[in-house]
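Participant: Model the full assembly from the supplied sequences, consistent with the hints where possible.
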Amino acid sequence: FSLIIIILFFLADNIFVNTLCKPRETLVEVEHEFPEAKFRRVVPSCVLLQRCGGCCSDEAMLCVSVSTHTTVMQLKQFTRNVHGATVEEIIELPFVEHSQCQCR
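Numbering (mature numbering (1 follows the signal peptide of the UniProt record, and there is no 0)) for the sequence shown: -19 to -1, 1 to 85.
Note that these hints are calculated values from the structure, not bench results.
Bear in mind the structure is a predicted one, so any value in this text is a computation, not a measurement.
Where is the CB? At the ideal position from N, CA and C, for every residue including glycine.
Some hints here could point you the wrong way.
[Unchecked claim] Simulated restraints on C-beta separations:
1) V(-3) with V47: 27 to 35 Å
2) T(-1) with L29: 35 to 43 Å
3) H50 with F20: 24 to 32 Å
4) Q58 with G35: 17 to 25 Å
5) P25 with S48: 22 to 30 Å
Facilitator: See the structure below:
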């Protein structure tokens, strides 16, 4: 019986830890970060970034970033040249990732 209680407490604690305000892998659309990208084709169209997410103990608070860093990613860009042919090139774009989060 006590083993079942210990397992239940462990599961509840694990669920709680997974809901805390912290940086999490988040799919972000490139166009959302770089609105000018909608005028060209960029592949992939979304990237995985660390962004703040999770729950705060007070409903009036939000999980927000208090520290960030920049990560440069290489993506493919497709454009058309003057002859109408598709040109593929590698571009580097700087994305902001969240390093630390806090409920505020």
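Participant: Could you run down the list of hints and mark each one as holding or not?
Facilitator: Now for the hints, and whether the structure bears them out:
Separation of V(-3) from V47 is about 20 Å and departs from the stated range, judged on CB atoms against 27 to 35 Å. Remark: the range hint 35 to 43 Å for T(-1) to L29 is contradicted by a beta-carbon distance near 20 Å. The hinted window of 24 to 32 Å between H50 and F20 holds, with their beta carbons roughly 28 Å apart. Between Q58 and G35 the C-beta distance comes to about 34 Å, which lies outside the given range of 17 to 25 Å.
A C-beta distance of roughly 26 Å is found between P25 and S48, which places it inside the suggested range of 22 to 30 Å.
Hints 1, 2 and 4 from the list above are not met by this structure, while the remaining hints are.
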